[in-house]
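A.B. asks: Below, each chain spelled out in residue letters.
There are 4 protein chains.
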Amino acid sequence: MTRKLNIAVIGTGRIGSMHTANLVRRIPEANLVAICDIRLDVAQVVADDLGIQRVVQDYHELLADPTVEAVLIAASTNAHAMIIKDAARAGKHIFCEKPLALDLRDIDEALDAVKRSNVKLQVGFNRRFDKSFKRVRQITASGELGKPCILRITNRDPEVPALEFMRVSGGMFLDMSIHDLDMARFQIGEVEEIYAMGTVLIEPALKEFGDLDTTIITLKFVDGTIGVIDNSRQAVYGYDQQLEVFCLKGTAFANNEIEDTVVKGSRQGFQSALLPYFFMQRYAECYVDEVRQFIECVCEDKPTPVTGEDGRMAVVLGHAAWKSYHENRPVKISEIASPR
Amino acid sequence: MTRKLNIAVIGTGRIGSMHTANLVRRIPEANLVAICDIRLDVAQVVADDLGIQRVVQDYHELLADPTVEAVLIAASTNAHAMIIKDAARAGKHIFCEKPLALDLRDIDEALDAVKRSNVKLQVGFNRRFDKSFKRVRQITASGELGKPCILRITNRDPEVPALEFMRVSGGMFLDMSIHDLDMARFQIGEVEEIYAMGTVLIEPALKEFGDLDTTIITLKFVDGTIGVIDNSRQAVYGYDQQLEVFCLKGTAFANNEIEDTVVKGSRQGFQSALLPYFFMQRYAECYVDEVRQFIECVCEDKPTPVTGEDGRMAVVLGHAAWKSYHENRPVKISEIASPR
Amino acid sequence: MTRKLNIAVIGTGRIGSMHTANLVRRIPEANLVAICDIRLDVAQVVADDLGIQRVVQDYHELLADPTVEAVLIAASTNAHAMIIKDAARAGKHIFCEKPLALDLRDIDEALDAVKRSNVKLQVGFNRRFDKSFKRVRQITASGELGKPCILRITNRDPEVPALEFMRVSGGMFLDMSIHDLDMARFQIGEVEEIYAMGTVLIEPALKEFGDLDTTIITLKFVDGTIGVIDNSRQAVYGYDQQLEVFCLKGTAFANNEIEDTVVKGSRQGFQSALLPYFFMQRYAECYVDEVRQFIECVCEDKPTPVTGEDGRMAVVLGHAAWKSYHENRPVKISEIASPR
Amino acid sequence: MTRKLNIAVIGTGRIGSMHTANLVRRIPEANLVAICDIRLDVAQVVADDLGIQRVVQDYHELLADPTVEAVLIAASTNAHAMIIKDAARAGKHIFCEKPLALDLRDIDEALDAVKRSNVKLQVGFNRRFDKSFKRVRQITASGELGKPCILRITNRDPEVPALEFMRVSGGMFLDMSIHDLDMARFQIGEVEEIYAMGTVLIEPALKEFGDLDTTIITLKFVDGTIGVIDNSRQAVYGYDQQLEVFCLKGTAFANNEIEDTVVKGSRQGFQSALLPYFFMQRYAECYVDEVRQFIECVCEDKPTPVTGEDGRMAVVLGHAAWKSYHENRPVKISEIASPR
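Taken in order, these protein sequences are the chains called A, B, C and D. Here the first sequence stands for residues 1 to 340, where the numbers follow the numbering used here. Here the second sequence stands for residues 1 to 340, where the numbers follow the numbering used here. Here the third sequence stands for residues 1 to 340, where the numbers follow the numbering used here. Here the fourth sequence stands for residues 1 to 340, where the numbers follow the numbering used here.
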């Protein structure tokens, strides 16, 4: 039997508390040592609920503890890079939620620290672990459908998040589309040029701080594939998550999952269920799988499946999308940054 | 180019007028010589609508006409056997709507006449010409799925027909289930035993003359396959037509067609269209194809795809179902009649 | 926060070990006190895997322990009734896997003991907890579709179980169809008459001990609804689980779940995934939910959602199906037993 | 009963001969007076096949014939504008295949002639008559889903047309995307700006004359909606025709039609049929309906459902797409032309 990894969670908000529950209940390979949140009361509620013994307020305390082997960072985005740097210097392996940071210099400094300390880093792009998206990748990677021609992603949230969150989120392209930009790299490879358009049709208050709620991004990939991502902050029928890779010899697409399989027939036609409400429902298994794989990579000293460079390039693409939108022109990725 | 077949239609009610329109507009291989109905005014309306020159009241006039090569019989059921006999004696090839007759002796006399005159006879089991049901047959006949184990047919009308029609129709098993009993023979082969159950849940007036509106028939086939047919006179969402042949190495099923492919997503879930309303819509192409094939068989002197024996055995199975229902026990087909 | 229920598991084979893992990992309302198996080594493996401290060989030891409040019985079927009686006398609440027993007298004695001791009893008909089957029930129970007319259930295993198991299982109708007979009661209500037909098309060795692998059961319900269940021991495309309740004003059907949502289009058409392999995958969440609800019913002193009478009537219906098959005639349920 | 319209067909190639067959067999409101093709032998084959008496080589002969009330123009694209002008001057009503012309000045001259002569003109954008696309329009126009946010169209041919045709077709955006650009106007309204990207991944020979085979067009509409069209010249699984209008309160999408409804389940999963092969199959009914509506508009003196301006604007949008592609920047429609 394999050993258990001693891990601590930093940040116990919505995502952090879910990761914590997974570590306690669903990931037997993990030994959750402690949880940490600057809002100690928030962390304490999570600890009480899950029967966790150790709760700390200052993450440096965890980094100083030699029994802690790895940290899962789910603090607010603006603290990610700093904690990564500190954790790397303390020799802890790191699983960090997306995005690594909004500022590319912060990301580069963090990745430098990781490199110097030679610790593992995995970024929380959960969708790479979805069985259907993985299956699409597997089909196209097998070559049976020939060269990919068109990538098509639909990603629509069920409702607009809280405005206070939106204000600091990096906006549509860096908060929401970033998942699709990473998925685009996962499915096809590096992007050469981006053109982004967007508008505010759902939540007028977004205009105050220049954010968008309805966007389309087109992509030219280095390998010649072209692609399109459409995003919306409000799909009233549930969390709309579709993906297609259309190829020379066929196509592979991942349809939406659905809440149940019941169809009701009546004089009004046939009615079926809503989509799963949001990411916590739709990608529940992915959140478990990504952390299990992270632990396996640490324990067996293998490269992580979502690297720091993956985390960085998704942010680069997000910035390219914003630049394209603001200047209303296609933007080369090289205008933002080169691959490290 | 192949020659055209001179054909006349006898009976211009709902089905007959549809066949007539098909012969005029959609079947270039046919030369419609005349139409006939004892209700001359009914036939005249059809003739006016389609620009048909010759309308007669007495079908014997058509049988006496040497230019008429074939007749399509769509008169009322109780006249079918008599017209077949007369037409056969007159040397005309015959396409006859289902059922051949309700009385087996009438059928046998008619089939004897056909045999003696050596004319072609095809019975109007239109569903054998449906592309999806044919495709299921083709798949299972290829042997790729191994031996058929379970046949499952769902056949539900959209609404209860007029009571005056129901009274003389032969009832649920001989009017409605007869299509499924024929389809069972088409898909699997001869039936050995039938058990039928039924009830009146939709139209209480049916009880007056012993008819049913909701039935289930189970079948044991000679080759060991078992099967089930469920029927209803009222599916408010449209004409429900499903078929499955479940086999040792897989299954082949024909789903319902749908009026259009639009899906509407809203807070109530996803809504799609009704099924096609009824047989005139759902099997529109089958009515064309069956007559085209009949004409081809006559012109090229080939056996017809739905024989007199097929028409007879479907009626035998219908009677077996009624006997089973009345005696509430499984009934051997040999209790009703043997194959000719 | 609610208290935890002290529960022990008796029988740690395939189903028992799954329940044990659920109790440890997924049901925080449970405090798993111990596990028990007469094959001590089998239980020990489960205990080691899940970090369980107490393992016993003789279940009487658990019944004598005053800290044990409830037992989950997943021992072999022939031991169910005896353990229920013993547990009831010891004042333990009982969750028992299906079937309660194959012999109706054993069941009646067990239910008598439960009644006298006034403990809770829940039977493990897991499918009642499936979200889609529950949703169908909810739709029809709301009355919006009017009176149910036809119940249609398809239940097909992916492959034939081991013959040594089949030999003692009670056979097709008591081992496999029993789930559907219970579902029939759950969806519609009490059954009045059954007709069952069956054959051996998949595994010839079943003939040695009179079992079947391909069956169709038709049902007449007390309320006038009619129904049909088709069963097979081998659906090579996965565990086929469909249900329809067709009503006067519409229909509600539960389609199969599917392993992933990917569709691959190519020159061969469109290909989608297999069904979930078997019940452990398909009904994984039901196994959790049924036990959570059992615990809630014990802790809050409410009636259990699947009662002893439910467990008994499913066995009665199974025996009626066997009698019908052997005598090839419809059998009244009252020929087997009356409701208690 | 309404009178029949005397109509002649000019151009009897693939599309023209299909229109001719429809006029003869499926459109009783039409009286086909004559057909015309500069390739007299081609027209004669069509005439022989359909039993048409009058065949002419020079369309002026038809325009000089006072019994001809209307012409259906299906000649080669480069002749459309000239024939329209001539027909308008001769006082004939005009149904013209798409595109009106490739040159905007030619179109404007033709439309001027139509206006002066006060004849009816309808352009052959057949997809506007598709029941599913019409249904989407009807749903969104009803307002029940709120304001449209994102239009998404997928249009993919089954295989690359002949290169000699491609050379003179106007290229991807004016030959193929033009249908989608018209559909965009039909579903949402006027377009303000276009960005088009494209590549050659299927047929390298297209590079010789600067054509594309794989393209994505993004659209900003005057009303604020944004949209995307993806096109490919080769979808090996059939003619891929999807449309979605995603709105504030839900979505309406038109799925692909499928050749038959059979699904085959096996160890490889579930397999369903190909899509209809191409436009002649997929839009067969639309070709009938558009001409029936044209005839009705002429006979009842109503505006045609697809106007000259519709034909013109689709070409304007196609030119905007080409300009955007060549200059790799978003292009305002006003850079090409203003609405008339």
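Calculated from the structure, these hints are not laboratory results. Among these hints, one or two may not hold up.
Identical copies go unnamed one by one, so any copy, or any two together, can satisfy a pair.
[Claimed, not checked] BS3-like cross-link-like pairs, simulated, lysine-lysine; straight-line CA separation at most 27 angstroms:
| id | residue 1 | residue 2 |
| --- | --- | --- |
| 1 | K85 | K249 |
| 2 | K147 | K207 |
| 3 | K207 | K249 |
| 4 | K115 | K207 |
| 5 | K332 | K147 |
| 6 | K249 | K332 |
| 7 | K4 | K147 |
| 8 | K4 | K323 |
| 9 | K4 | K302 |
| 10 | K115 | K323 |
| 11 | K302 | K323 |
A.B. asks: State for each hint whether it applies.
C.D. replies: Hints, verified against the model:
no., hint, in the structure
1, K85 with K249, "neither (46 angstroms within a copy, 44 angstroms between copies)"
2, K147 with K207, "between (41 angstroms within a copy, 18 angstroms between copies)"
3, K207 with K249, "between (44 angstroms within a copy, 21 angstroms between copies)"
4, K115 with K207, "neither (40 angstroms within a copy, 45 angstroms between copies)"
5, K332 with K147, "within (23 angstroms within a copy, 33 angstroms between copies)"
6, K249 with K332, "neither (29 angstroms within a copy, 35 angstroms between copies)"
7, K4 with K147, "neither (42 angstroms within a copy, 51 angstroms between copies)"
8, K4 with K323, "neither (45 angstroms within a copy, 56 angstroms between copies)"
9, K4 with K302, "within (16 angstroms within a copy, 41 angstroms between copies)"
10, K115 with K323, "neither (29 angstroms within a copy, 47 angstroms between copies)"
11, K302 with K323, "neither (36 angstroms within a copy, 50 angstroms between copies)"
Of the numbered hints listed earlier, those contradicted by the structure are 1, 4, 6, 7, 8, 10, 11.
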